[in-house]
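Colleague: Each chain, written out:
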Amino acid sequence: MRPLSDVFQNLLYTGWRQPAYKLLAWDPTIDTMSAVVTETYTQTPFDLTPYATQVQWTPEKLDFVLFDPQQIFHPDTGSARQYLQDSAIIRLVEGDARVNEADWTNTFTGYIKGQIGWENCRSKQVLEAKVTVFSRDNSQSLKRRLITTQAYSVGTDIGAMLYDVATRYISMSQDEIRIPLGLGLQLKHQVTQLCQEAPWDGITTILEAVGQVPFFDGDGRLAAWPKSMRRAPNRILTDGKFILDDQIPAYTQDNINYIRVNFLDSQLTCVQGPYQKLGQASITTGFFTNQEKIKCWWSKDHTQQASGTNLIIIKSVNANLLPVGKESYRAIDSFHGEITIDISAWVPVLATAMALEYLAAAAIPDHVPPGQGVQTDVFSGTGITITPTLTIPWGKLLQAQASLAMMLIMMSLGSAQYEIWGTPFNYAYLMQHSDAIESTMVGAVPQPLPYYQQNMRQIENDLVGTFDQADNIALIELIWEKSKSYPRNLIIEDDPALELGDIVQIADGRKFMIQDMKKTLKRGEVPVLEIDCIKVMTA
Amino acid sequence: MSIREITDWAIDMASGQLIGTVASPFYQYCPDGTGNWVWACDVDIGQSVLDVGNPDNVTIGSGGTNPNVLQAVPVANNNQDIIYAQQGTPVALSKMPNGQYAIVGLSTTAQGLGHIIFVTFAEDIAEVAGDTMSGVIIRPLTLGELGSLSPSGFGGLPLGAQGRFDAYGNLVSIL
Chain A
1 MRPLSDVFQN LLYTGWRQPA YKLLAWDPTI DTMSAVVTET YTQTPFDLTP
51 YATQVQWTPE KLDFVLFDPQ QIFHPDTGSA RQYLQDSAII RLVEGDARVN
101 EADWTNTFTG YIKGQIGWEN CRSKQVLEAK VTVFSRDNSQ SLKRRLITTQ
151 AYSVGTDIGA MLYDVATRYI SMSQDEIRIP LGLGLQLKHQ VTQLCQEAPW
201 DGITTILEAV GQVPFFDGDG RLAAWPKSMR RAPNRILTDG KFILDDQIPA
251 YTQDNINYIR VNFLDSQLTC VQGPYQKLGQ ASITTGFFTN QEKIKCWWSK
301 DHTQQASGTN LIIIKSVNAN LLPVGKESYR AIDSFHGEIT IDISAWVPVL
351 ATAMALEYLA AAAIPDHVPP GQGVQTDVFS GTGITITPTL TIPWGKLLQA
401 QASLAMMLIM MSLGSAQYEI WGTPFNYAYL MQHSDAIEST MVGAVPQPLP
451 YYQQNMRQIE NDLVGTFDQA DNIALIELIW EKSKSYPRNL IIEDDPALEL
501 GDIVQIADGR KFMIQDMKKT LKRGEVPVLE IDCIKVMTA
Chain B
1 MSIREITDWA IDMASGQLIG TVASPFYQYC PDGTGNWVWA CDVDIGQSVL
51 DVGNPDNVTI GSGGTNPNVL QAVPVANNNQ DIIYAQQGTP VALSKMPNGQ
101 YAIVGLSTTA QGLGHIIFVT FAEDIAEVAG DTMSGVIIRP LTLGELGSLS
151 PSGFGGLPLG AQGRFDAYGN LVSIL
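In the order they appear, the protein sequences are chains A and B. Position one of the first sequence corresponds to residue 1 (our numbering), numbered consecutively onward. Position one of the second sequence corresponds to residue 1 (our numbering), numbered consecutively onward.
Hints are supplied without guarantee of correctness; some may be wrong.
Claimed, not checked - Below, in silico cross-link-like pairs of lysine to any residue (SDA-like), each with a Cα-Cα straight-line distance of 20 Å or less:
no.: 1; chain 1: A; residue 1: Lys-227; chain 2: B; residue 2: Pro-158
no.: 2; chain 1: A; residue 1: Lys-277; chain 2: B; residue 2: Pro-25
no.: 3; chain 1: A; residue 1: Lys-22; chain 2: A; residue 2: Ala-80
no.: 4; chain 1: A; residue 1: Lys-277; chain 2: B; residue 2: Thr-108
no.: 5; chain 1: A; residue 1: Lys-277; chain 2: B; residue 2: Ser-152
no.: 6; chain 1: A; residue 1: Lys-277; chain 2: B; residue 2: Leu-143
no.: 7; chain 1: A; residue 1: Lys-300; chain 2: B; residue 2: Gln-86
no.: 8; chain 1: A; residue 1: Lys-277; chain 2: B; residue 2: Val-128
no.: 9; chain 1: A; residue 1: Lys-277; chain 2: B; residue 2: Leu-159
no.: 10; chain 1: A; residue 1: Lys-484; chain 2: B; residue 2: Leu-159
no.: 11; chain 1: A; residue 1: Lys-277; chain 2: B; residue 2: Ser-24
no.: 12; chain 1: A; residue 1: Lys-188; chain 2: B; residue 2: Thr-108
Bear in mind the hints are in silico, worked out from the structure with no lab data behind them. In this text, all values refer to a predicted model and were calculated from it rather than measured experimentally.
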């Protein structure tokens, strides 16, 4: 609701009103919209009021006709044409003739787009300019130019995000924003950015997360109205004195009865695959080593994660003649594990000992039974000739024994094969949603509308990160949609304080939320304000 | 309903983007019957599970064909990462010009759960009459579940068997 000065407010509903208005124009080459909105402009605004007639007001658009007998607004030659050129700033100020102009209130501030219409018609004998002024949000640049914002960290209030978008990309100063800096909703995601979104869509998305709708107020400041109907009425018209007409228009459309708010969970969730073979390894090992270690990764690029991994031995190192070692497995991390084969210590020791024995045994002479001579040279016949007999090859026996032991160890050398099995997993953000659906009570059990009667509207808002936040939006939107199916029109004596989203209560206690308004200003008459409302559903 | 809303719906419908999870091993599939083979798999898009009162919900777990599973969804060409994806992996689907969905990549998002609030309206009073959760969770069965869920006791179900659970953790079916 637009704040009015106490003096104006007190006079508004007492006695005979003497409504008055002013139409002011600023040359856009001298002052910016920002300067006008924040009252820091340097020029004296041009007063269009004496020339103006047929002033038709809505929150989005202002139309009026300027009588121009001196042709000062002629777009090519007029002496005051700069005040009606493209981007010229026009403001409507409304008040009461009994009140000082300083206490009047701005009910519209906007831009002229392009060129005004101007007519010098001999047959109709008119010299007039037709002017249409648009509110600040009716700018294609706000809705078509795409932006990517900086990254906002977890815990940032979305109000800060909104201020950033408005000041950085719409060049607004903080004084041009009527929305509080803290909107009470903190970002749940670690990093949040608006990406390739129009600034106005970004602001709309931010406010949607707290159930509000942006608009530019009469001062030209960025404001927002809440869709929630759980609030006190802004204006109570208890006696019906100022209500000229109370209409209930027909509503013949299918109304939305099912709201779904889709959002990305701020927490990553583990998505598991089936238990399966993750990797395999084979190795040849034996006496020549003490220990073998094999690293196994769950994917070639080392990015796959898995849990509950374990070793499946397809062929063991102990599957040959002798058990030569111990096989074990441990998971290093979720991306890989390690197979360890420990060769028993006795294997290399025995192999070494047997090799040494084999060498040593080669130097052992054959054994001859006692009392027999030894022929030292069988070719020359020198030495003592003895009776030919058998000798015992002690060295060879020992060599054979060592050789057999070594061969046994070598025969135990073999290739082992292993597989690692486990449950692969990845992390993914879950697409969660909150639904609010119109239902009826069957006994004590709520029964949602049948599937064929459901008319759903989906809302995608990634600024929401929890079910609580999404539930809140879903409820507000469903109640608001339901209320939209109960349109109500009020025609009242003008109340300059009323704005979009305000709630008006009438004498019988019913409450209506304002969705649109229009009025025509005429000199000496209290304007008639036509209000398009929806019936307030109280939760 | 405004023109804007209707336009937004039309845009959403035309975008043809879905996410789902791989619901079968990958297999070769001959969509045109002429011997041209493509890799394909079944994908669980889980859509009807999320909707309140969707008649397809009742068939889940009753032994019939799960209508949430798109059959024989082809994989975009030369996308080895997808072919090596396993059952349960989230994937992104895109609608091709012929209207058929194809798996175009691995997804960092997956279908989650839903919180449904039942609201009743009477005159100008809206009241929250109750709430429930929707959606399913697919995960491997724990060792305890392998023993308790199999009629023949532990050993009846293979290690690694997966189950489909509702949002409250109750088993709906074994995959």
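Colleague: Could you run down the list of hints and mark each one as holding or not?
Modeller: Hint check:
Under the criterion of a C-alpha separation no larger than 20 Å, the hint pairing Lys-227(A) with Pro-158(B) is inconsistent with the structure, at around 54 Å. Simply put, Lys-277(A) and Pro-25(B) have alpha-carbon atoms about 14 Å apart, close enough for the 20 Å limit, and the pair holds. Taking the CA atoms of Lys-22(A) and Ala-80(A), the gap is about 17 Å. The hint holds against a cut of 20 Å. Distance check on the hinted pair: Lys-277(A) and Thr-108(B) sit about 23 Å apart at the alpha-carbon level, beyond 20 Å; violated.
The suggested pairing of Lys-277(A) with Ser-152(B) is violated, with an alpha-carbon distance near 26 Å, which exceeds 20 Å. Restraint check for Lys-277(A) and Leu-143(B): the C-alpha separation of about 18 Å stays at or below 20 Å, so the hint holds. Proposed proximity of Lys-300(A) and Gln-86(B) is supported: the alpha carbons are some 15 Å apart, at most 20 Å. About 49 Å separates the Cα atoms of Lys-277(A) and Val-128(B), which puts this hinted pair outside 20 Å; it is violated.
Using a Cα cut-off of 20 Å, the hinted pair Lys-277(A) and Leu-159(B) holds, with the two alpha carbons roughly 12 Å apart. Proposed proximity of Lys-484(A) and Leu-159(B) is contradicted: the alpha carbons are some 55 Å apart, above 20 Å. Between the alpha carbons of Lys-277(A) and Ser-24(B) the distance comes to roughly 16 Å, so the proposed pair stays at or under 20 Å and holds. Only pairs whose Cα atoms come within 20 Å are accepted, and Lys-188(A) paired with Thr-108(B) is accepted, the gap being roughly 17 Å.
Checked against the numbered hints above, the structure violates hints 1, 4, 5, 8, 10; every other hint is satisfied.
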